[in-house]
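Asker: Once you have looked at the hints, place chain B on chain A.
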Amino acid sequence: MDRRHFLNQTGLNLGAIALGGLINRESSHAAGNAIARLDFPSFAPKAKRVIFLTQSGGPSQLELFDYKPGLMKWAGVELPESVRQGQRLTTMTSSQKQLILPGITKFSSHGESGATVSEWLPHTGSVADELCFVKSMVTDQINHAPAMTKFLTGHQLAGRPSFGAWASYGLGSANQNLPDYLVLISKMKRPSDQPLYDHYWGSGFLPSRYQGVKLRNAKDPVLYLRDPDGLPRERRRGMLDGIGELNAMRLEETGDPEIATRIQQYEMAFRMQTSVPELTDLSDEPESVFELYGPDSRRPGSYAANCILARRLAERGVRFIQLFHPDWDHHSRLPSWCTARCRDTDQPSAALIRDLKLRGLLEDTLVIWGGEFGRGVAGQGKWDSPEAGRDHHPRCFTIWMAGGGVKPGITYGATDDFSYNVAENPVHVRDLHATALHLLGVDHERFSYRFQGLDYKLTGVDPSRVVKEILV
Amino acid sequence: MCSGSPRRLFLKSVLLALCFLTSLIGKAKEAPVSFSREVLPILSDRCFHCHGPDPGNRKADLRLDDETEVKRDRDGLKIVTPKDPAASELWQRLVTEDEEEIMPPLDSHRKALSDTEKDVIRRWIEEGAPWGKHWSFEKPVRPLLSESDKEVNPIDVFVRKRLASEGLELSPPAPAHTQLRRLSFALTGLPPSATVKNHLPTALSQPPTAPEWEKLVDQLLASPHHGERLAMWWLDAARYSDTDGFQGDAERTNWPWRDWVVDAFNRNLSFDQFTIEQFAGDLLPNATPDQILATCFHRNHMTNGEGGRDPEESRIDYVIDRVNTTGTVWLGLTLGCTQCHTHKFDPVSHEDYYRLFAFFNSINEDGKAGTNAVPYLDYQSPLAARSVAEMAAYVEAVKPLEAAARAEAEKRFERWFADTLTKLPHDYTAWESPPPHSVTSVEGTEFIIGKDAIVQATGPHPNQDDYHLTLGASTLPSRITGWKLEVFPHPDHTDGKLSRGKSGEFILTNVKLLVKRRGHSQVRDIEIKGAVADFQREAKAKNYGLVKDTLDDDPRNGWTTESSDPKSPHTAVFELKEPLVLAPDEELVFALLHRSTGGDANIGRFRISTTSEAGETVRSITTSPLEEAIRKKGAIDAALRSRLLAQYLVDDRDYQATLARLNEANRQLAEVKKAEGKTKVMVLAERPQPRETHILERGVWDAKGAVVQPGVLPAILPWPDEQARTRLDLAKWLVSADNPLTARVVVNHLWQLMFGRGLVRSTEDFGLQGELPTHPDLLDWLAVELIENDWNLRHILKLIATSETFRQSSEVSPELLERDPDNRLLSRAPRFRLPSWMIRDNALAASALLNPAVGGPPVKPWQPEGVWEEIFMGRYTYQPSVGPAQYRRTLYAYWRRSSSPTFLFDSAQRRVCEVRMNLTNTPLHALTLLNDTGMLEASRVLADAVSTRGFDPDKALDDLSLHVLSRELTEAEKAVLKREWTKSMDYYSSNPADAILFTRVGQQEAATQEKAPVIATWMTLASMMLNLDEAITHE
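Read top to bottom, the protein sequences are chains A and B. Just so we're aligned: 49 in my numbering is position 49 of the first sequence, and the numbers increase by one with no gaps anywhere. Here my numbering = 1-based position in the second sequence + 10000.
With the rest of the complex left out, here is chain A (with noise of 0.2 Å):
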């Protein structure tokens, strides 16, 4: 048998596999409504879980990685149409003059791999050696909710399956108490500009049960977990008891096996009810954890304290793990609000890679830091006043990627003398998936789910690639 025919083969008998689980696991109806094929080749997966620190806005590649000193001389000059190259501007910039803000921030090379990171971001710096920079993503949507919707679902229109829930309805269940996809949101004081819309962890046409479930700060940290006042935990029991027998009854009078379906499924949100309040409980961490991870960790809700319950759900088998941080959008005022967010997100994302490194978790977790666009090289307002900020640019940006079967300590591909255009080795948000699939163990090209009638695919029809010179 040669190659082609032991993957065809392979491919089918694995896809047989995976569909026998979700039929057991999934309503049988709605099983049946869209489930056409899931051709799973697996590889040998590097990763086993995902962990995607979004940082919803767009960070400034300019300020925090793509040192650029040869900027300097072009200080509050116009952006030469050569390098501009006719790219869309947002209609908030679009009247103004492109004149050049060179990177605000002083940069230091780190550790032995000596790669570059803003005095913004010292602790980035400090576990530089663990990340692989990957300066040349790009994307072809310049506003945020289409932007974030591609960078997350791999189509800018809402209505697709996101990244994780592809992955939790690729790779299925670790932890029988808890959902596959888990999602936490920072809480933060201000009212945001950037909504963060449901269907960026939605299943699109894959079966809900592949949506990712927010974690809140909140008395319910799931949606309903919490059994009302007055009922005590063994009345709850007893009612699920009653339930279950009632519900036998109706299976042996009906032959229907949903009905079994449902007893299991009640008991699983038992059982959810003391599993999640286990899991977001940080009163079992040490005092040492919480100074790793930073001041700002002691406060629930916050991007640090969401750090420290990710490294907790890798704990438990979680296999998408999708942590928010909201107000990246620095169109103004660079010093004062890039810089807050950078002292939110720092010490903790940081932290968290020597955390999941100390417990041996780094090898087999991917984790992956970015957010949907990048910002441009010219000033937004007087560009040489403390006032500017930077409008969105989808040409360049940078992310970070650390464990999971990606190589530590380098930088992949790079940008133009103006960090405008990619110079070297393009990755499109479609490679990025491509690649994160292939570190699962998914041959994105092969991995499809049936709807209306087409194969949909998390990377979408236009070419992608996976980009295998960051793979260890």
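Please note that the accuracy of each hint is not assured.
What the hints assert, rightly or not - Heads up, simulated DSSO-like pairs for lysine-lysine below, C-alpha to C-alpha not over 27 Å straight-line:
id: 1; chain 1: B; residue 1: Lys10542; chain 2: A; residue 2: Lys382
id: 2; chain 1: A; residue 1: Lys189; chain 2: B; residue 2: Lys10484
id: 3; chain 1: B; residue 1: Lys10860; chain 2: A; residue 2: Lys189
id: 4; chain 1: A; residue 1: Lys189; chain 2: B; residue 2: Lys10516
id: 5; chain 1: A; residue 1: Lys382; chain 2: B; residue 2: Lys10502
id: 6; chain 1: B; residue 1: Lys10516; chain 2: A; residue 2: Lys219
id: 7; chain 1: A; residue 1: Lys189; chain 2: B; residue 2: Lys10083
id: 8; chain 1: B; residue 1: Lys10529; chain 2: A; residue 2: Lys219
id: 9; chain 1: B; residue 1: Lys10502; chain 2: A; residue 2: Lys189
id: 10; chain 1: B; residue 1: Lys10860; chain 2: A; residue 2: Lys219
id: 11; chain 1: B; residue 1: Lys10512; chain 2: A; residue 2: Lys219
id: 12; chain 1: A; residue 1: Lys189; chain 2: B; residue 2: Lys10542
id: 13; chain 1: A; residue 1: Lys189; chain 2: B; residue 2: Lys10548
Stated by the list, open to error - So the derived label-pair ranges between C-beta atoms look like this:
id: 14; chain 1: A; residue 1: Ala75; chain 2: B; residue 2: Asp10702; range: 27 to 37 Å
id: 15; chain 1: A; residue 1: Ala75; chain 2: B; residue 2: Thr10494; range: 29 to 39 Å
id: 16; chain 1: A; residue 1: Gln85; chain 2: B; residue 2: Asp10061; range: 28 to 38 Å
id: 17; chain 1: A; residue 1: Lys97; chain 2: B; residue 2: Asn10372; range: 25 to 35 Å
Keep in mind that the hints were calculated from the coordinates and are not lab data. All residues carry an ideal CB built from backbone N, CA and C; glycine is no exception.
Answerer: What follows is chain B alone, placed relative to chain A:
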């Protein structure tokens, strides 16, 4: 296909021909192969991706979707030679052993053909390779029924015929109560009401007779709830929502359109007219406001008003959404693909797509969102007045409660004041300033704690810094309602001003209040409700000035007193959201953040004080009224008394609860009043000058290709261009008697409403990649029946409802389940979970909480606290409706697109059109049904009802079961329920406080001390019943 060497081909052909000869011998005669049902689906699935209609993807310049191309001579080679598989390249490529030649190619990720599929291709070629269209593109023809069959419901004839061919038959009729529930849910989305039940003379003991049943069906079809049920189907398809969906997710007031839909269904408006009005009501001669209102259908898409977005890009998105929705809802075609390229499977080209696009391209819109989403219709809904009257009545009902509560509170005030005067010392002060436990900084500032707890910054002077001041609980009052920050000038500061920074002014960007507990690593974040200052600089938008801006997490704004006299002290007062009570081992940390853009403006000298007084003291910079009263030794005038009373009332929890109820009722009254006048409904209207329509290359909004004119899909039903110019023409084309798709798609929707799934399971796709109908003849018969009965939906629904197929039992044997797990043969009725909206409506109806009013502005059923704040970081807050508005049907529930109602755990998302039910079975929905306030409130009300039945639990159990399951219980079931009843009763009798807590739910007052244990016990049972699989299932 690439060609192999001729010699090899020849050899193989000989070999293969031999194989056929042998395989043909002894084979029984079979029915001829159907090209459209058997051959075309195989070609489409395995070949069209590379050899189909889309030239962009076409390999080897070969297309297999075109008969001429397939049968023409290619240098002596033919893809298909009729009657001769051996001379047909198509066949050769399926059976070759050569891995380089086999089709589909091994690396195409397309499944190889099964032996059966190959057999179909071979036989088809042998039979002469007759060509035809895809089944759904041929106009349906009414299948003939024999004379004897005409006596019975034709649905049963077709279903029985299919069953007989499999050696099966229909199941016996379902039990009477099951039939009744099934019918009632299917036609009204509600359980059978008492009147419906009583309407049956034979009650529930035996299945209704045919005339009884027909009468019942008519009665339910005539119910106003029937229109509501169909509207829920239509709203999902129309992606209806009360908000835009993007960016600010602004509100829109399109709900009058929702009421138009309900009304259209209740009038049984024919589906052709229903279509015409929604596509082109504005283009009808002498269009009425209601006909224009109908066109809102095509404005229900999401809109994006994001700051940097080009409105033209958004507008193109909206037009695309309309085309795709039309494709899915009316034609069952996945037109979305043809936005970027010619369809890979269906005969719809890239150009066809933009010709459809052209119909919608000249709407007088400009791509804006929010309140600028023109064109609008100013519409005054006749249904809003009822909502206003209802809320006004509720306000009137709450007013006396508030007055009584206030009178009670005033009595308490008098006692408290007398008591306080004697207790407080003469030198009482509202504010206390204990010496700080510690003061530290993040960036290096040092501090000296001086006399009177005044703190002086000293040492290093960083550009930005955070100060942390800690107070121990032992030095603080037993409760804290607010805190005060005083900023002082000092000679050591720049020019003797307030700061050591260059200008001598300070900028405080944020404050935080945290509680730390000894031995614990985590802290509690204390919410600050408001802030006032004796002076603040005027500031607009994001800038430094206002003290309230220290409460957000935004360093771009904050408090500064710049522009006032910089050498006098300044004061800010912060009110806590809830009074704070500290444990002895807790301490309070005040964080003062100086993180302004320019920096160099850290406070130089300050003091922090706390108070336990509420109201005025923490909401203004005045002397505390209590302090004044003590100074005057109780000799107070009317003005001071009223200040003291106001302060007292703020702190009186009982009174505040009642006041909050009244305030909320008044707020909601004001809100519904806005709906009473003219509201703006987004509708269609043409521009005076039509836009030119271009093909958009790869679907990109500004990649304009060739210009195209409006035109219908020629492969479905060709119409001359002059007959297809406007939206009205398009609508007429959709509902033309010759259109092969629309009627089929619509009857399939109706079938799905009644059976959970369509005769074509892929409701949204009747194209080549869609599923074949389970009963093609039945589908066609119904489609023709619909057209010939003037598109009368109710006629079709009645036919289905009165069929034996619909009325049969849903029970299934293991053998049958194995043989037909998906119930494609319909040898039993389907059994499926009710959609989540119906589960809520069922609970409301079963508990008699339901407010059956039809139409009007949206209402807000219970949702957990914080569900909107989380999405928008606090910009929007969800306030559940008060009074009877809380118990309206789910159809009227406010739909925020970015956060759809949480209790609808697996509903359509209303972002794009959805036409298929998505039913899941997960722990999350178990949790919802167990713990949702609405479900618990229904349980409470059911408990109230059955517990009045006296002390016969048996009787009360039956009562409960009749409410929830429409049937009596078996002894075995009763045994389980009695066991839990006893345990609950034991628990709540010995824990009456829990019983009181448990019974206080939703808008229900807690049960009395005396009754609480019994009611709480019945509540547990009612909740169990509402969670039973049977209670939430269409059986």
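Asker: If a hint holds in the structure, say so; if it does not, say that too.
Answerer: Hints, one by one, checked against the model:
1. Between the alpha carbons of lysine 10542 of chain B and lysine 382 of chain A the distance comes to roughly 16 Å, so the proposed pair stays at or under 27 Å and holds.
2. Between lysine 189 of chain A and lysine 10484 of chain B the CA atoms are separated by roughly 21 Å; this keeps the pair inside 27 Å, and the hint holds.
3. For the suggested pair lysine 10860 of chain B and lysine 189 of chain A, the alpha carbons sit about 25 Å apart, so the restraint of at most 27 Å is met.
4. For the given pair, lysine 189 of chain A sits about 20 Å from lysine 10516 of chain B by alpha-carbon distance, which is consistent with the 27 Å threshold.
5. Of the supplied pair hints, the one linking lysine 382 of chain A and lysine 10502 of chain B holds, its CA atoms being roughly 23 Å apart against a limit of 27 Å.
6. Pair hint lysine 10516 of chain B plus lysine 219 of chain A holds up; C-alpha atoms about 20 Å apart against a cutoff of 27 Å.
7. Among the hinted pairs, lysine 189 of chain A with lysine 10083 of chain B is inconsistent with the structure: their alpha-carbon atoms are about 76 Å apart, more than 27 Å.
8. Of the pairs offered as hints, the one joining lysine 10529 of chain B and lysine 219 of chain A holds, with about 19 Å between alpha carbons and a cut-off of 27 Å not exceeded.
9. For the given pair, lysine 10502 of chain B sits about 30 Å from lysine 189 of chain A by alpha-carbon distance, which is inconsistent with the 27 Å threshold.
10. Distance restraint check for lysine 10860 of chain B and lysine 219 of chain A: the Cα-Cα separation of roughly 21 Å lies within the 27 Å cut-off, and the hinted pair is therefore satisfied.
11. For the hint linking lysine 10512 of chain B to lysine 219 of chain A, the alpha-carbon distance of about 21 Å falls within 27 Å, and the restraint holds.
12. Restraint check for lysine 189 of chain A and lysine 10542 of chain B: the C-alpha separation of about 15 Å stays at or below 27 Å, so the hint holds.
13. Annotation: proposed proximity of lysine 189 of chain A to lysine 10548 of chain B holds, straight-line Cα distance about 12 Å (limit 27 Å).
14. For the hinted restraint 27 to 37 Å between alanine 75 of chain A and aspartate 10702 of chain B, the CB-CB distance of approximately 32 Å keeps it satisfied.
15. The given range of 29 to 39 Å is respected by alanine 75 of chain A and threonine 10494 of chain B, whose C-beta atoms sit roughly 31 Å from each other.
16. For the pair glutamine 85 of chain A and aspartate 10061 of chain B, the supplied restraint of 28 to 38 Å holds, since their beta-carbon distance comes to about 35 Å.
17. A C-beta distance of roughly 28 Å is found between lysine 97 of chain A and asparagine 10372 of chain B, which places it inside the suggested range of 25 to 35 Å.
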